[in-house]
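**Q** Residue strings, one per chain:
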Amino acid sequence: MLRKIFLLFILSADFLLSQSKILIYMDLKQTDHLRAYGITYNALLDGAKADWLLNYRGGSFMIDYTDKIANRCRVEGVAFDVLSASEAAKIYSFVQSDDQNMDVVRLEKAPKIAVFVPPGFQPWDDAVTMALEYAKIPYTKIWNDEILRGDLSKYDWLHLHHEDFTGQYGKFYASFSNAQWYIDQQMLYEQDAKKNGFKKVSDMMKAVAEDIKNYVGNGGFLFAMCSATDSFDIALAAHNDDICDKMYDGDPPDPDAQAKLDFSNTLAFTNFKLEMNPYVYEYSNIDVQPAEIGNYNNDYFTLFDFSAKYDPVPTMLTQDHVNVIRGFMGQTTMFHEEVIKKNVTILAKRNGTDQVKYIHGNFGRGTFTFYGGHDPEDYQHEVGDPPTDLSLHKNSPGYRLILNNVLFPAAKKKKQKT
Amino acid sequence: MLRTILILFFTSLLVFAQQQNDFNNKYVLAQSFLQGGQYDKARQIFEELHKTQPDNYQVFDGLNNSYIQLKQYGSSIALIEDRIKIYPQDINLYGLLGSTYYLRGNDKKAFEIWDSSVNKIPNKDISYRILANYAIERRAFDKAIEYLQKGKAASQNKIYFSYDLANLYSLTMQFRKAAEEYCTIIAEEPSQLTAIQGRIFAFINKPGALEQTINVVKEWKNKKIEFKYLLAALYKEAKDYDKAYDLYNNIEREQDRQGYQLINFANYLMGEKQYSKAAEVYNDVISHFPNSPFISSAKLGYAKTLEASLNDDSTLNSNDWKPYSQPRVIAAYKIDKVIKAFSDITLLYSNSEITNEAYYRIGNLAFKRKNDPAEAEKYFNKIISVSPSSPLALDAYIGLGNIFIQTGNLDQAVLEFSKVVENKKSPLDKKNQAKFGLAKISFYKNDFEKSKNILAEIINDPGDNSANDALQLSLLLNAAKNDSADLANFAEAELLAEQMKFDKAAELYKKISENPQAFILSSFAQVRDAEMDLAMDSLQTAVMKFSKIADENGKNIYADKALYLEAKTYQFGLKDIAKAIEIYENLLAKFPNSIYLDEVRKTIVSLKNKLS
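Line by line, the protein sequences give chains A and B. Be aware that the first sequence starts at 30, since it is given in the numbering used here, and climbs by one per residue. Be aware that the second sequence starts at 7, since it is given in the numbering used here, and climbs by one per residue.
Be aware that a few hints might be false.
To be verified - Distance ranges between label pairs, derived from CB positions: (1) Gly-42/B / Asn-225/A: 29 to 39 Å; (2) Lys-228/A / Gly-42/B: 27 to 37 Å; (3) Tyr-121/A / Asn-466/B: 46 to 56 Å; (4) Asp-319/B / Met-276/A: 50 to 60 Å; (5) Tyr-121/A / Lys-561/B: 36 to 46 Å; (6) Asn-372/A / Tyr-63/B: 53 to 63 Å; (7) Asp-262/B / Asn-225/A: 51 to 61 Å; (8) Gln-318/A / Asn-139/B: 37 to 47 Å; (9) Val-611/B / Lys-224/A: 35 to 45 Å; (10) Ser-38/B / Lys-228/A: 29 to 39 Å.
The set of hints was computed from the structure by calculation and includes no laboratory data. As the structure is a computational prediction, the values presented were derived from the model and not from experiment. For glycine and all other residues, C-beta sits at the position ideal for the given N, C-alpha and C.
Take the sequences, apply the hints, and build the full model.
**A** Laid out in structure tokens, this is it:
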């Protein structure tokens, strides 16, 4: 009898212990918001399940307690609370109650991440790569060759950054055509195009853009920043067009390049007008110009509020500890609202203007998210500038938006309530 | 009649001038349309002008450009072919024709036209060069290389072709071939070495470039001395310093440069923090070129590199992690070697700042490395007596002050420190260093009020290096101001610890730590007591004591420090990395607000990386 009671005691103690939770709160009390995403991602990678408590204390994470995760939080400087089973239950109940704009999203599996990045030296850095490395989230670098041979299907999430899918080498010709990095970059792309059976780099980049679009259509998650956003859609629109001048692809552009654009082939933008002058550092009128921003000190964008229970995806993508965020420039800084397709959700914009910072949409079985600007913690990141030290920006709300996108594909799909 | 003829003549002249003026205006207008991107309008005007002046090259060129911009490649081909009929020996026309075919996507026809055109022109090397330029313009680099190779074979002046070929090879990442072309140029024109080295180093960081270039230059090494210079520079880039050293030795022997090349190489090594290799090279110059005009810089470099390698020597610095320790003199011969090198310099430059620096470095080595204060005192005094106004004299006074504290002559130490404080020329950092010495002495002499006042002066400048130490001592003085008896004992223990009388210091610390009335001093003394065990290499005892302090969480305000030192003892002393990680992690869990958190996190990550 005594033996049975003892066994029962051991079993129940184990059960109770397994119910204790780690709450990684994401409000202003969090010491390192960015690494908190890494802790959650790596817990998923280790087979744990996590819950994303949307709109609860800045979009907190709840994970089953293990010494390993607790230790990891301490080592990475991520603040957390250990909750008893009943304390955790109270929070769950609060979050799921009908009178709160909150919800619980179960994160099940760490998404496999690919970052589209050319080999060799780049005179700029990539905010996403920096965020992933800082948060210690593993990722794989891929480039044109991997995409063209169909490797995209191996990954759940693809990031594009400062790339030019139009084949115009970022339109840096006027300022950097004599710079060694520009010459090397052009040669690298040309050799790659030749290797992959394309006469022109622009043709190869269009094929890459089409493959990426198909990847999204087949259920992939695409996240693009800076010039990858508009140049990607321009390349898709120009699939039967030559928009590149002779210094980019060796021959003049089609005299009717603008008229030949096919907006039905794009993901996010429509009816935009190309900038055909090859010496102007701009692709089209999608991007907001610095002069339109006005006083840089007033450059802040506001995250839209969504219903956590009815619109969980936009809610996930806008989880943050603040909802007004300092703007930042890039080759593509923001998008003019007039050229955004009607079926695309605007996640953030500058209040009182038509300048949109952050958008999201669906295509086929997948989704795409475009975030304007280059580096959320470096207002005007110039070519050749040193990379931002993220250990000095552990609580960056701008960088959090990037990391929301990394975890969002881990979410278990719920049936829509509407 | 003559009148009629003259009238007719002037009238026709006027008409011709008007026509020419009209032609020029139209040409300018067409060019403007072309530049403004209105290609069709430009085409219309150029076609009109071309009809009136079919020989005019500017019009032909403008019209051809308009056709190209409008992608009317057929019209361009017809236009150029018409002109070729008139000028069959103009190689540029074949270049243009090939280009149009290339733009049309017919590479094969383009190459056929270019290839066949060469035989039509007598001056083949110029033709190849022009065709190569057309190919480069179309970014058909392989074809351009082919023409340049043929041009090189046909030309008397091969160097010009080699430059272009090397450039194209490096652009297309054919580094071996680029290196071969550059070597050909050097063999013909050795004076081009510097220019070529610059070109090679522009691409040397690309994948595979360095290795391939070295392999090529190695084959040319014995043909001319310039190749040895180039190869040595490449070896330096590859961090293959032994091979670079062999080559510079070789160059010295061949050219009798009096050690100049070796000195430059040693300076480079020093910049790269390759101290032991740099010392070897400097020593080579000293022993093999005793009459070299560069001998003095060799000796100075030698001494400095020896000292730098001493600072990097882990056997000498293995106790640096301990708060208190005896200097390790297990490798005295290494220290003596450095002292000897600096002594040699003092013989070379008497009464100079370099000698003062050498004396100062010898004094420091004697005091800190050899634990020989008497010897150190001698060298510091030399600076003061020979160059009292030298900035190093201030450092010498501070050095003497520290020596006198250690040897127990506190009054003399006060005098030395005061000389720095009272000197109007002393910079603020030196003054604060000396003031901190004075504050410590007042503390040791139990004049706590005076000590606090001096410390307050230092703390006024929080950016100064001494401010942190001053702040720590000041906090202790303030916290224990009502317990002067224990504070006096603590001060005595601190002096003993500074004088490296660790066993005696430990006795006093223990006494204070056992006094429950001593509050903060008691807590601090417990930690210090364990630190004395560390200093005396009683690592297990120290670990036990640190662990005990840490377990009294809440009672001892230095518990996190104790845990931190316990982990360090496991890490560096007992070499038990797993245990060290465990304790560091324990510190993070128990003391989430400790000042050691950042350092501990970094250490855990680095130790885990080492383990994995």
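**Q** With respect to the beta-carbon atoms only, verify the hint that Val-611/B and Lys-224/A lie 35 to 45 Å apart.
**A** 40 Å, holds
**Q** Does 29 to 39 Å hold as the CB distance between Ser-38/B and Lys-228/A, or does it fail?
**A** Holds, at about 33 Å.
**Q** Has the hinted range 27 to 37 Å been met by the Cβ atoms of Lys-228/A and Gly-42/B?
**A** 29 Å, holds
**Q** I want to verify a distance hint. Is the separation of the beta carbons of Tyr-121/A and Asn-466/B within 46 to 56 Å?
**A** Holds: the Cβ-Cβ distance is about 55 Å, inside 46 to 56 Å.
**Q** The hint says 51 to 61 Å between Asp-262/B and Asn-225/A; measuring C-beta to C-beta, is that right?
**A** Holds, at about 57 Å.
**Q** Verify the CB-CB distance for Gly-42/B and Asn-225/A against the hinted window 29 to 39 Å.
**A** Check passed, 37 Å falls within 29 to 39 Å.
**Q** When you take the CB atoms of Tyr-121/A and Lys-561/B, is the distance between them in 36 to 46 Å?
**A** At roughly 39 Å between Cβ atoms, Lys-561/B and Tyr-121/A fall inside 36 to 46 Å, so the hint holds.
**Q** A range of 37 to 47 Å was offered for this pair. Does it hold for the Cβ distance of Gln-318/A and Asn-139/B?
**A** The hinted range 37 to 47 Å holds for Gln-318/A and Asn-139/B, with Cβ atoms some 38 Å apart.
**Q** Does the Cβ pair Asp-319/B, Met-276/A satisfy 50 to 60 Å?
**A** 57 Å, holds
**Q** Is it true that the C-beta distance of Asn-372/A to Tyr-63/B lies inside 53 to 63 Å, as the hint says?
**A** The hint (53 to 63 Å, Cβ to Cβ) holds, given that Asn-372/A and Tyr-63/B are roughly 56 Å apart.
The structure shown violates none of the earlier numbered hints.
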